[in-house]
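Engineer: Using the sequences provided together with the hints, build the complete structure.
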Amino acid sequence: MSEESFGPPEMMAVALARLLRNGETVFHGVASPLPMVATLLAKRLHAPDLVYLSIAGGVDASPSRLPASTVDPVLLEGARATVTLAELFDLSARGRLDVAFLSGVQIDGRGRVNMSAIGPFARPTVRLPGGAGSALLMPTAKRVLLWRAKHDPRVFVDELDFVTAAGNVERVVTPLCVFRRAEDRLVVETIHPGVSPDVVRVETGFPVEVGSKTPVTAPPTPEELAVLEELDPGRVRASEF
Amino acid sequence: MIDKQTTLAEAIGAIPDGATAALGGNTLHRAPCAAVHEIVRQGKRGLNLVKTAGAYDVDLLCAAGCASAVSAGFVGYETPFGLAPAYRRGVETGTVEAREHVCASVIAGLRAASQGVPFMPLAGMDGSDLQAARGFARIADPYGGPSVVAIPAIAPDVAILHVQQADRSGNARIDGTRFEDVLMAQAARRVIVTAEEVVDAVEPAAVAIPGFLVNAVVEVPGGASPCSCAGVYAYDAEALKAWTAAARTPEGARAYIEDRILAVAGVGVGA
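Line by line, the protein sequences are chains L and W.
Take -15 as the starting number for the first sequence in the numbering used here and just add one per residue.
Take 13 as the starting number for the second sequence in the numbering used here and just add one per residue.
Please keep in mind that the hints were generated in silico from the structure rather than gathered at the bench.
There could be a bad hint or two in this list.
[Unchecked claim] Here are the simulated DMTMM-like cross-link-like pairs (lysine to aspartate or glutamate), alpha carbons at most 25 Å apart as the crow flies:
#1 L:K126 - W:D138
#2 L:K197 - L:D92
#3 W:K253 - L:E224
[Unchecked claim] Pairwise CB distance ranges (calculated):
#4 W:G128 - L:K126: 27 to 37 Å
#5 W:Q127 - L:P206: 50 to 60 Å
#6 L:D44 - W:L95: 29 to 39 Å
#7 L:V110 - W:A251: 21 to 31 Å
#8 W:D15 - L:E61: 30 to 40 Å
#9 L:D142 - W:G147: 27 to 37 Å
#10 W:E250 - L:G178: 30 to 40 Å
#11 L:P191 - W:A275: 51 to 61 Å
#12 W:G128 - L:G103: 37 to 47 Å
#13 W:I14 - L:N6: 47 to 57 Å
#14 W:G30 - L:D182: 54 to 64 Å
#15 L:P104 - W:E22: 39 to 49 Å
#16 W:G157 - L:K126: 12 to 22 Å
#17 W:D15 - L:D44: 39 to 49 Å
A virtual CB, placed ideally from N, CA and C, is assigned to each residue, including glycine.
Structural biologist: Given below as structure tokens:
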């Protein structure tokens, strides 16, 4: 497989997978195709003993196919045990969940998210789906990884219309870059291959320092791409784009 | 054994306007859709829906004018079908109140009701505007620890749950993920179970909801469709696509409801 044979879905899935460590408990909720792919990818690569938890309730599921809905019963296939969503929230609440994947319709420069409303909360211009578990998980999970398949100034905003959740965000992975949170600010850690620093600056609604000296995200290796393709031949990883 | 088997029309008929109704399942999976269709046919009004994460069920009840409030952590069709258009429109035009929760605070409220206490402390929520927007109080730990958010009890007037199998007295088996169904059955004042099949006896070890908590049992094969029912059928992508496309406008939603729901007689054994 040539080095050019990847796009944003592959770069994001691989970048997210690399952030997971062997032995960690890792959870994703509804509407989370990229985290599902990334978690299963990490298990097949460097983190075989990672404990894969999802809203579907499976513990270490090994689904025969990857579903578009990340609550799908197929995410119980091959599971070693099942747990309820209440038990998963409890795990995080008592400080025992290592990683939670979350997202935001809007994400600000502190890594806080809005999943609730554009405009006034009581009578919004746009009612959003709601933050699901994020207001519990973001302050209680040890590490929160945000992802969003769209990177523009309407997503990465200077000011949120509403703070649905805030907390232990460690990194944010987008189609353009990886942000790391340091001293309560998101800073660009790496830019993905082929992305210009100017594009990151223009597409981010809060101030970021980015330039020719900003490190480039290591491109997906042939092994990472091969395992990803074997895991996700139906390209569920691209469904959010 | 008390025989609680009835028709969908009768079971749903007992729900008063203005009731707080908990709906089982989660997003596209094992939602009690046949019961929801019957609620639409009976023209219920003013329902407050309770669910951690809803999709078609919540969206349809908003479109049909049955719901006036939604207490949920998430309402949307996930990646395959996007936002819930009728729910959105209802909240944006003021006909539906979004009582946004954290999924975990829906669970906390149901737990409080199931345990007979007025509220349940909940970890987290630090830095979230939901505390103020929803009026969730933060209370001191009487024993000197950190403060916690107190989620008021959620005691649904009725829980409506669709399961794979039940017996006539309401012992219900749930295959696959149980979501909040068991908790809803414990917290609610009345419980309606629709089942893919009603059998003489459910294997006791497989019973998720004991029959003494259940008031009505209705046999409804396909009762979760167009959502999935684990082990029986997957979600119906075509139907969900057709609905979410139609629901983009009030006229489209009305036409869909008239053609696909009101025109269809209620189902259920004996109906």
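Engineer: Now tell me, hint by hint, if it's right for this structure.
Structural biologist: Checked hints:
| no. | hint | verdict |
| --- | --- | --- |
| 1 | L:K126 - W:D138 | 14 Å, holds |
| 2 | L:K197 - L:D92 | 24 Å, holds |
| 3 | W:K253 - L:E224 | 17 Å, holds |
| 4 | W:G128 - L:K126: 27 to 37 Å | 34 Å, holds |
| 5 | W:Q127 - L:P206: 50 to 60 Å | 55 Å, holds |
| 6 | L:D44 - W:L95: 29 to 39 Å | 32 Å, holds |
| 7 | L:V110 - W:A251: 21 to 31 Å | 26 Å, holds |
| 8 | W:D15 - L:E61: 30 to 40 Å | 37 Å, holds |
| 9 | L:D142 - W:G147: 27 to 37 Å | 28 Å, holds |
| 10 | W:E250 - L:G178: 30 to 40 Å | 38 Å, holds |
| 11 | L:P191 - W:A275: 51 to 61 Å | 57 Å, holds |
| 12 | W:G128 - L:G103: 37 to 47 Å | 39 Å, holds |
| 13 | W:I14 - L:N6: 47 to 57 Å | 53 Å, holds |
| 14 | W:G30 - L:D182: 54 to 64 Å | 57 Å, holds |
| 15 | L:P104 - W:E22: 39 to 49 Å | 42 Å, holds |
| 16 | W:G157 - L:K126: 12 to 22 Å | 20 Å, holds |
| 17 | W:D15 - L:D44: 39 to 49 Å | 42 Å, holds |
Of the numbered hints given earlier, the model fails none.
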